[in-house]
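Engineer: Given the coordinates of chain A, work out where chain B should sit on it, guided by the hints.
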Amino acid sequence: MSAKIQVKYWGELITLTGKKDDELEASSVAELIKQLEKTYGKAAAKEGKRMLIAVNGTNIQLLERCKTRLNEGDRVAFLPLSGGG
Amino acid sequence: MNLPVYAYINLSTGELEKRTISESYFKKYIGGKTLAARLLLDHYPPGVDALAPESVIIVNTGPLNGTGAPSSSRFNISFKNVLSGGVASSNCGGTFGVMMKRAGFDGLVISGKSEHPVHICITDGDVELLDASELWGLDAEKTQESLPKHHGKLVIGQAGENLVSYASAVSGERVAGRCGVGAVFGSKNIKAISAFGTAEPPVLNKKKFDEFVVKWVSFLKKHPMTGDCLPHYGSAGLVNKANANWALPTRNFQRGHYEQADKVSGETLADTRLVRNSSCVSCPIRCERRVMLDGKEVKGPEYETLGLFGPNIDACNMDDILRLNYVCDILGMDTISAAGSIAFAMELKEKGIADFGVEFGRTDNLVDVMYKIANREGIYSELANGSKWLSEKYGGKEFAMHSKGLEMASYEPRRSVGMGLGYATGNRGGCHLNGGYLALLESVGALSLDAQSPRSKAQLTVFMQNALEAVSASGFCLFSAQTFVPAVFFKLGPNHFITRMAGRIMTFSGPLVRFILNIAPALWINSFYLLPHAEAVRLVTGIRMYTGQFVRLGERSFNLERLFSLREGLTAADDTLPDRMTKTPQVKGRADTVVPLDVMLPKYYKTRGWDKNGVPKPRTLRKLGIEV
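So the sequences go chain by chain: A and B. So for the first sequence, numbering that gives the first Met the number 0 puts the first residue at 0; every next one is plus one. So for the second sequence, numbering that gives the first Met the number 0 puts the first residue at 0; every next one is plus one.
The following block holds chain B by itself, in its conformation from the complex:
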């Protein structure tokens, strides 16, 4: 069995050590965010601040990275969440993960703080710590231009250097955006990591795997979601759909519908700005938008950026959004948290509480504001701390749209209550993906559950969270899992009787889903129609991985991350949403347009095997083989 090799790097002492992960860890935790969560629990000193020199950050891959499997270039970064104080994982596409693996390393465990800016340079089995003083102060784009051309790169911009709480790390034009990973890099004086290697990542059963990949790529290309919707419109295609279902956050989540949303929709983007679509390494889906900005071809915005720098700040200027997307990327800032913090500041101004020079409907000054935030200039330094911090200083907690300190993604949970439960329970905080992304089944997809009903949402959220965890852990993009909605529902469409009936039936599927979760390891099947990732893991590693074990792997992952957050001081009280979501109906007089979190949360804990305080029961940990 080919076991993962990690480089342990202490930046304070300059010590470098190569360690092989044990077989028992590999079989149990696989890689990516799951193995990283285990290593964080093992190596992160309890109670240490996210930005302290003693903090630990893990940059790692999954077993499928670099193997040529579809959509398998994602790498993971796990660390202590700058915004929440709990666990964080941030996921990114691009070439860095693949290159690190080709260079002979499955992951890096980085501790300490360098005395000077450092470039961690990984080439074919060697790790060097190079002085990066000359790169300090450069934006992410210029930093990458200064690094060896053929290396996979992971860098920070000015926001990371200045410890902006939602600073990101940038790889090519892909971004590990959430939870402040860039600030953790900055706190350790890590300006860049680059990797280059020529080794082929190991694949145990090469012939069968290659055959499987050919079939899987064909399946992805034939499926309407991955073969048609995503290549044509990218995630940007969700703007009009979310808007049509009143799930598009508008004016800091005051509403869920924006009259002029079409001006910033994926369709309009495709019609007026799209130059071509592109992809990460070995991805047949090709969701990336390429657009022209000031005569230069750049990466186009994702749905989140369109929604949050558009309707959520009461604006619909596509040109300004393209520019803000680009500027946030080169400064190294998460567009979701940046836009969320700005929206909160705009409402503070609207209510006469505080004035940061930003107001609803105005985007022409926001590029300037982004630079000031990234450089922590004057009062803008406060915006760099995120909406939770701002609400604690100025008030307005009821409309500070975050969970656990992490700003919510662009889905209005009062029209997607399962997504609301996901925001509240996600280990990262207000993240749609870590939250199980029920919005796809409730308000923006082909198949629609009853978006207002709490029924079955606890069980479905648990199942989806577990499944997405496992997909991430293996090194796959979550888009590759979107084929689990059968193609027939796309062909029939959302208005067809059968599609509507399927949605209704799923609304009552909770007990069945819970039963499946309980017997998961007994599901010794692999299928293209559910989670083909399990079969890929089996063929590459030799680990007996089937759909049931795969979902159980995700459950293990979710619980490990939960344990880390609990150890660092988070409690059940943090599994919450702002009052605007739980107490103020989106539509006046319609009591069902709030998130019934108090109804769903106890069921969620029960389904997870947690006690009423949200702590995994000893029996649950034994079932998952987790030793604390």
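Okay, chain A solo, but in the shape it has when bound:
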């Protein structure tokens, strides 16, 4: 069952979606990306997939990657890659 997810965009996704903050309905990260595509087009979904995706602040690579389940009120951030030192 889909849940309302608080979404935060960074980098190029702000331009592609025209928003910094959003609310989408999805039950998993994979579904959220599909919602991105449906709402904002393929380019937004492609950009989202190549960013670091954090669910409630944690990288989905430490969770179940795109299969990570989403619950009502969860926060998902699409973060640009970075470097430094």
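Hint data in this document are derived by calculation from the structure and do not stem from the laboratory. Be careful, since some hints might not be right.
[Claimed, not checked] The calculated DSS-like cross-link candidates involving lysine-lysine, where the alpha carbons are at most 30 Å apart (straight line), are:
1) B:K220 to A:K18
2) A:K19 to B:K221
3) B:K221 to A:K41
4) A:K18 to B:K392
5) B:K220 to A:K48
6) B:K490 to A:K66
7) B:K616 to A:K19
8) A:K48 to B:K295
[To be verified] The following residues of chain A were derived to be distant from chain B, with all beta-carbon distances above 12 Å:
9) S1
10) K7
11) L15
12) G17
13) E24
14) Q34
15) G40
16) K41
17) K48
18) T57
19) L61
20) R68
21) E71
22) G72
23) S81
Every residue gets a Cβ at the ideal spot worked out from N, C-alpha and C, and that includes glycine.
Structural biologist: Relative to chain A, chain B alone:
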């Protein structure tokens, strides 16, 4: 061949001498921290305290400084580490190195102690020792305002004057931050060094070099890391990434994840405070953040400062961090060690052991605390000695977050175990860069090795330490080396199957990396895709420098520094981490969230060609051409 010229300055006697470095030294050690390590071994009297008048400090450049090569304005300061008693090198951008070179000097070898505060003034081939009594007591900003406008400047603030163990030296708004270089300046009564010159640094093959630079700049601008990530967010962009991977130190490294980290992230900084980005001389990357503070445009904080004055003290007040960053800079104090010492003091209070008036979650009083530390007022004088000293007096060694006395940078090594090995083995101590910066490959970059696995970490740490040493020695910023992660992984992103597979494969790359290290000198190739710095060195100096020799140069450098530290009394027992990192899992019940240092360290020594006591074997020294 244009050989480096050094000014030998004895502040006790006022003697000044110009010496040319021999061709054999130049070819073998190039410059920067590598040549400085050799000169320290030659000139530093064994066993002399870092702050004694007899101590020696070397301020030098690399062959690429001032040539116009991208990101090539870095200069180096090598000395005896105030915090560890071993070797120290501190690296800085800005204009000073370039100006010193234009003034005809590749380096300074300074010994003795001046009777009064001194300003070492270098102009077009001349060195003068000027009375700086009137500058004593001024902060770094006001000191620089008092020096000739067009000079490159290197000064200390009150922290250096008062011998704060982690005092820094400041050049413009760039800082040679680590290991207490400001205290060594202060101990010699050096308030300022300034340089101005008009000579063009020598470039042997000018035409080819200029063509190469144009291509290299274009390559840097096209690469996602140096052309997009760093210009947009600077190193500050790492806060959210480290946090997402549970590698952001929180509450004195008790945890690696902070719920409100986004409030002090590079993205938030860019969104709410950034005025513009800026750069050092001849740098196309432009990573510097410019922010407004109390109506004045100042340099913004780096990742380390955001992390350590933020989540690591359980706080997330961006305004306070901007102010603390500025205050530490003008007082001349390393933000990493200052914040690390404060975090330790906060935990001492939390545990009821000692009370320095600082507590987790509170930042409103920290500017005042910084002034008191810099001036060594009352009990704050103890905070000025660093977390190792504090733990020896009050206890709590298991949570004093340093290695060899140097406070750790803002990467939680239990979620980046190779970084943990780097902290433990770095010649400086708990420095991410001297430690090989495996965090970039484990927990904050596009490409991710298995951050919890010790597999291949020894070999990769050795390789990265060597490569970064060589980049520094040449006069380059380490950011210019971050293009070694191929652009394709940024384009695919961390979630793509190919990126994940590449990370997995790299986790098993140890034997291959060791093989490459062994045959390095046979790698007669130069490429933009690996270490283009080698080609730049070849074109500027005429030395036959290719990628393999370049990495070997770094290996020579690392071993020279190791030899200095061993001579000064450090041992394998100092290649360690606090128990919190090696014995307490970051996540309860997950045994893999500790740093398996005991597994990695023997492999590291073996890869380095050191014996079980961490001493370079005679065979290793012969291979590297090091004579002791």
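Engineer: Please go over all the hints and tell whether each is borne out by the structure.
Structural biologist: We went through each hint and held it up to the structure:
| no. | hint | in the structure |
| --- | --- | --- |
| 1 | B:K220 to A:K18 | 27 Å, holds |
| 2 | A:K19 to B:K221 | 26 Å, holds |
| 3 | B:K221 to A:K41 | 24 Å, holds |
| 4 | A:K18 to B:K392 | 53 Å, violated |
| 5 | B:K220 to A:K48 | 23 Å, holds |
| 6 | B:K490 to A:K66 | 22 Å, holds |
| 7 | B:K616 to A:K19 | 57 Å, violated |
| 8 | A:K48 to B:K295 | 39 Å, violated |
| 9 | S1 | 21 Å, holds |
| 10 | K7 | 8 Å, violated |
| 11 | L15 | 15 Å, holds |
| 12 | G17 | 16 Å, holds |
| 13 | E24 | 21 Å, holds |
| 14 | Q34 | 16 Å, holds |
| 15 | G40 | 18 Å, holds |
| 16 | K41 | 15 Å, holds |
| 17 | K48 | 6 Å, violated |
| 18 | T57 | 6 Å, violated |
| 19 | L61 | 7 Å, violated |
| 20 | R68 | 16 Å, holds |
| 21 | E71 | 18 Å, holds |
| 22 | G72 | 14 Å, holds |
| 23 | S81 | 3 Å, violated |
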